[in-house]
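Number of protein chains: 2
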Amino acid sequence: MVNLVVTGSIGLDSIRTPFGSVKDILGGAAVYSSIGASFFTNPGIVSVVGEDFPQEHIEILKKKNISLEGLKVMPGKTFRWNGYYEYDMNQAHTLNTELNVFEKFFPEMPDKYKKAEYLYLANISPELQLQVLEELSPKLVGIDTMNFWIENSRKKLLEVIKRCNILFINDAEARELFETPSLVKAGKKVIDMGLHAVVIKKGEHGSLLFTNGKIFSAPGYPLETIVDPTGAGDTFAGGVMGYIAKTKDFSDDNIRKAIIYGSALASFDVEDFSLGKLMNISIEDIEKRYGLFKDIVSF
Amino acid sequence: MVNLVVTGSIGLDSIRTPFGSVKDILGGAAVYSSIGASFFTNPGIVSVVGEDFPQEHIEILKKKNISLEGLKVMPGKTFRWNGYYEYDMNQAHTLNTELNVFEKFFPEMPDKYKKAEYLYLANISPELQLQVLEELSPKLVGIDTMNFWIENSRKKLLEVIKRCNILFINDAEARELFETPSLVKAGKKVIDMGLHAVVIKKGEHGSLLFTNGKIFSAPGYPLETIVDPTGAGDTFAGGVMGYIAKTKDFSDDNIRKAIIYGSALASFDVEDFSLGKLMNISIEDIEKRYGLFKDIVSF
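Top to bottom, those sequences are chains D and W.
For the first sequence, the numbering used here puts the final residue at 698, and the numbers step up evenly by one.
For the second sequence, the numbering used here puts the final residue at 698, and the numbers step up evenly by one.
Derived by calculation from the structure, the hints in this document are not laboratory data.
Hints are not guaranteed to be accurate.
Each pair may be met inside one copy or between any two copies, as identical chains are not told apart.
[To be verified] Calculated pairs, DSSO-like style, for lysine-lysine (alpha carbon to alpha carbon, straight line, at most 27 Å):
| no. | residue 1 | residue 2 |
| --- | --- | --- |
| 1 | 656 | 613 |
| 2 | 514 | 422 |
| 3 | 554 | 588 |
| 4 | 422 | 588 |
| 5 | 584 | 511 |
| 6 | 693 | 476 |
| 7 | 555 | 693 |
| 8 | 693 | 613 |
| 9 | 656 | 693 |
| 10 | 587 | 503 |
| 11 | 476 | 647 |
| 12 | 687 | 584 |
| 13 | 476 | 514 |
| 14 | 587 | 687 |
| 15 | 687 | 656 |
| 16 | 693 | 588 |
| 17 | 587 | 676 |
| 18 | 676 | 503 |
| 19 | 511 | 422 |
| 20 | 584 | 676 |
| 21 | 587 | 461 |
| 22 | 587 | 513 |
| 23 | 676 | 613 |
| 24 | 587 | 561 |
| 25 | 514 | 687 |
| 26 | 538 | 676 |
| 27 | 561 | 463 |
Given the structure is predicted, the values throughout are model-derived calculations rather than measurements.
Start from the sequences, fold in the hints, and give me the full structure.
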């Protein structure tokens with residue numbers, strides 16, 4: 400039974416970082432976030448790929464018990480992202496985004512997904528996020544977005560966000576969407592919109608959780624070498640949503656725990672390109688890093 | 400008896416932020432850091448001002464029981480800094496720095512300071528930092544610097560840092576001085592130089608403490624409004640050094656506590672221009688905010 404439905408991009412990424420270059424590797428927000436969630440719950444993906452999508456990538460997702468009944472294969476090319484990072488790896492620079500099969504995609508919900516109590520709308524057009532949201536009656540909905548949609552579909556995006564419970568958003572995007580330099584003010588605005596929580600992602604600086612009147616600050620895991628930050632924010636949010644879906648507990652204390660699990664997962668993601676590291680860790684590795692987070696912040 | 404000697408700039412700051420402008424207000428690294436330290440110990444300043452330095456500023460420092468026996472008044476003009484902040488208040492933009500009386504200043508150590516066990520070399524030329532260091536035999540020496548000295552006196556600066564025990568440095572400056580994008584690598588390089596600890600200051604994102612093999616991540620205090628960040632790093636370091644001087648304990652656990660006290664003080668500093676807020680808080684206010692830091696990071 401699928402407990403967490405995840406929608407968002409699935410694609411082939413071509414990435415250059417100071418530590419190397421890769422071409423057409425498995426990527427996309429729905430991939431990273433469902434892998435992150437898969438350590439805690441049974442995710443099912445709603446998305447689309449083209450006929451050029453390699454079967455080996457399908458096998459990777461299946462290996463993690465991620466349901467692909469909602470993954471359509473359509474004539475045409477798979478979504479592609481081409482970008483690079485300079486020494487400040489907090490900032491992704493996009494060279495090219497090809498929506499390809501997403502341009503004509505309309506989601507259909509498999510029966511197996513229909514009773515899922517948790518939904519994560521990873522980054523993709525607000526229209527598609529809304530279509531998926533309307534197919535389900537989840538207990539808790541998380542959503543992420545990016546500057547492209549803030550700048551091009553602001554109204555639609557805010558309409559979808561209002562119907563969700565947890566917003567995941569980068570610090571720069573929070574400042575842009577809520578038109579304030581203060582992350583605390585941005586956080587309050589989200590809570591005033593009626594959401595249960597907002598998680599502001601700050602890359603290597605960790606994240607901030609705002610709930611009604613309370614703030615939690617999670618550190619970034621201090622890594623000596625970051626190979627490729629692509630997917631870190633998605634892996635993080637997937638981990639958070641997966642842990643909440645597993646524990647069925649929306650309390651402040653439990654969301655804080657979920658955020659540390661998500662942070663631990665994100666810290667593994669950045670240690671290699673694509674899913675290189677995430678496919679080779681166990682729940683014990685995650686628990687161990689969770690313990691290190693405790694030590695890092697304790698005083 | 401002076402327990403913590405502080406050297407560094409004392410000056411008149413002219414500052415513009417999105418929330419207002421001020422002209423010739425009391426500022427300088429030695430001022431903010433000794434005010435920060437004064438909540439925990441008895442600091443004494445070694446520095447210089449010109450004949451134009453207002454007596455009311457002297458009274459402010461005296462009110463905090465900061466010894467000024469090492470403060471010379473020399474013919475000429477007081478040090479001046481003129482700068483501004485844009486909406487991203489993590490970044491100070493310097494319009495003009497006038498060294499003025501610092502150009503001819505040679506420090507003399509008052510007898511009352513000579514038995515001080517703690518020394519804080521706030522930002523000023525590495526030459527002056529070294530001169531002050533050679534006048535004393537402290538148990539623990541802290542040091543701060545800025546990009547100007549990294550770019551213009553790199554060799555001398557590294558020579559002084561090597562003789563200190565705790566380095567305080569901004570994240571961008573750490574990357575510049577140690578020629579690495581990784582703060583973890585920069586931290587390790589400082590420990591390899593033989594220092595006891597390095598504290599990397601990250602503005603609103605808090606700070607990182609590196610000691611031998613251990614890392615501590617302190618959050619920034621989430622403020623809704625920041626009026627003027629000038630002096631926050633100095634107030635922070637002064638608070639850290641003051642707390643260590645009070646407790647005479649260099650253990651990891653105690654430095655972590657010191658860092659949270661310093662962070663609490665810095666968070667008050669930014670709530671007003673100059674010492675507007677710092678002159679109006681008590682140790683109880685600091686203890687209260689210390690408790691809030693506990694809550695902010697607990698999971």
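Going down the list of hints, with the structure as the test:
For the identical chains of this complex, residue 656 and residue 613 are neighbours both inside a copy (15 Å) and across copies (22 Å), given an alpha-carbon limit of 27 Å. When the C-alpha separation of residue 514 and residue 422 is checked against a cutoff of 27 Å, the pair qualifies neither within a copy, at 37 Å, nor between copies, at 64 Å. In this assembly of identical chains, residue 554 and residue 588 lie within 27 Å of each other by CA distance solely inside one copy; the values are 16 Å within and 49 Å between copies. Neither within a single protomer nor between protomers do residue 422 and residue 588 lie at most 27 Å apart by alpha-carbon distance, with minima of 40 Å and 34 Å respectively.
When the C-alpha separation of residue 584 and residue 511 is checked against a cutoff of 27 Å, the pair qualifies neither within a copy, at 40 Å, nor between copies, at 48 Å. With identical chains, the CA atoms of residue 693 and residue 476 are never at most 27 Å apart, being 44 Å at best within one copy and 51 Å at best between copies. In this assembly of identical chains, the alpha carbons of residue 555 and residue 693 never lie at most 27 Å apart, being 39 Å within a copy and 39 Å across copies at closest. Taking the shortest Cα distances, residue 693 and residue 613 sit within 27 Å of each other both inside one copy (20 Å) and across copies (13 Å).
Taking identical chains as interchangeable, the C-alpha atoms of residue 656 and residue 693 lie at most 27 Å apart whether they share a chain (10 Å) or sit on different chains (15 Å). Taking CA atoms no more than 27 Å apart as the test, residue 587 paired with residue 503 passes in neither setting, with 37 Å inside one copy and 51 Å between copies. Taking CA atoms no more than 27 Å apart as the test, residue 476 paired with residue 647 passes in neither setting, with 38 Å inside one copy and 66 Å between copies. Only between protomers do residue 687 and residue 584 lie at most 27 Å apart by alpha-carbon distance; the minimum there is 22 Å, versus 34 Å within a single protomer.
Taking CA atoms no more than 27 Å apart as the test, residue 476 paired with residue 514 passes in neither setting, with 31 Å inside one copy and 75 Å between copies. Proximity of residue 587 and residue 687 under a CA criterion of 27 Å is satisfied inter-copy only: 22 Å between copies versus 33 Å inside one chain copy. With identical chains, the CA atoms of residue 687 and residue 656 are at most 27 Å apart both within one copy (14 Å) and between copies (25 Å). Only between protomers do residue 693 and residue 588 lie at most 27 Å apart by alpha-carbon distance; the minimum there is 25 Å, versus 30 Å within a single protomer.
Taking CA atoms no more than 27 Å apart as the test, residue 587 paired with residue 676 passes between copies only; the shortest distance there is 24 Å, against 36 Å inside one copy. Taking the shortest Cα distances, residue 676 and residue 503 never come within 27 Å of each other, neither inside one copy (33 Å) nor across copies (58 Å). Taking the closest pair of Cα atoms, residue 511 and residue 422 never come within 27 Å of each other, the shortest separation being 34 Å inside a single copy and 68 Å across copies. For a Cα distance limit of 27 Å, the shortest separation of residue 584 from residue 676 across copies, 21 Å, qualifies, whereas the shortest one inside one copy, 36 Å, does not.
Taking the shortest Cα distances, residue 587 and residue 461 never come within 27 Å of each other, neither inside one copy (39 Å) nor across copies (41 Å). Proximity of residue 587 to residue 513 under the C-alpha cut-off of 27 Å is found in neither arrangement, the shortest distances being 33 Å within a copy and 51 Å between copies. Within a single copy, residue 676 and residue 613 get their C-alpha atoms only as close as 34 Å, which misses the 27 Å cut-off; across copies the closest is 24 Å, which meets it. Taking the closest pair of Cα atoms, residue 587 and residue 561 come within 27 Å of each other only inside a single copy of the chain (14 Å); across copies the shortest separation is 45 Å, beyond that limit.
Taking identical chains as interchangeable, the C-alpha atoms of residue 514 and residue 687 are never at most 27 Å apart, the minima being 33 Å within one chain and 47 Å between chains. In the homo-oligomer, the alpha carbons of residue 538 and residue 676 never lie at most 27 Å apart, since the shortest distance is 32 Å inside one protomer and 45 Å across protomers. Within a single copy, residue 561 and residue 463 get their C-alpha atoms no closer than 32 Å, and across copies no closer than 50 Å, so neither meets the 27 Å cut-off.
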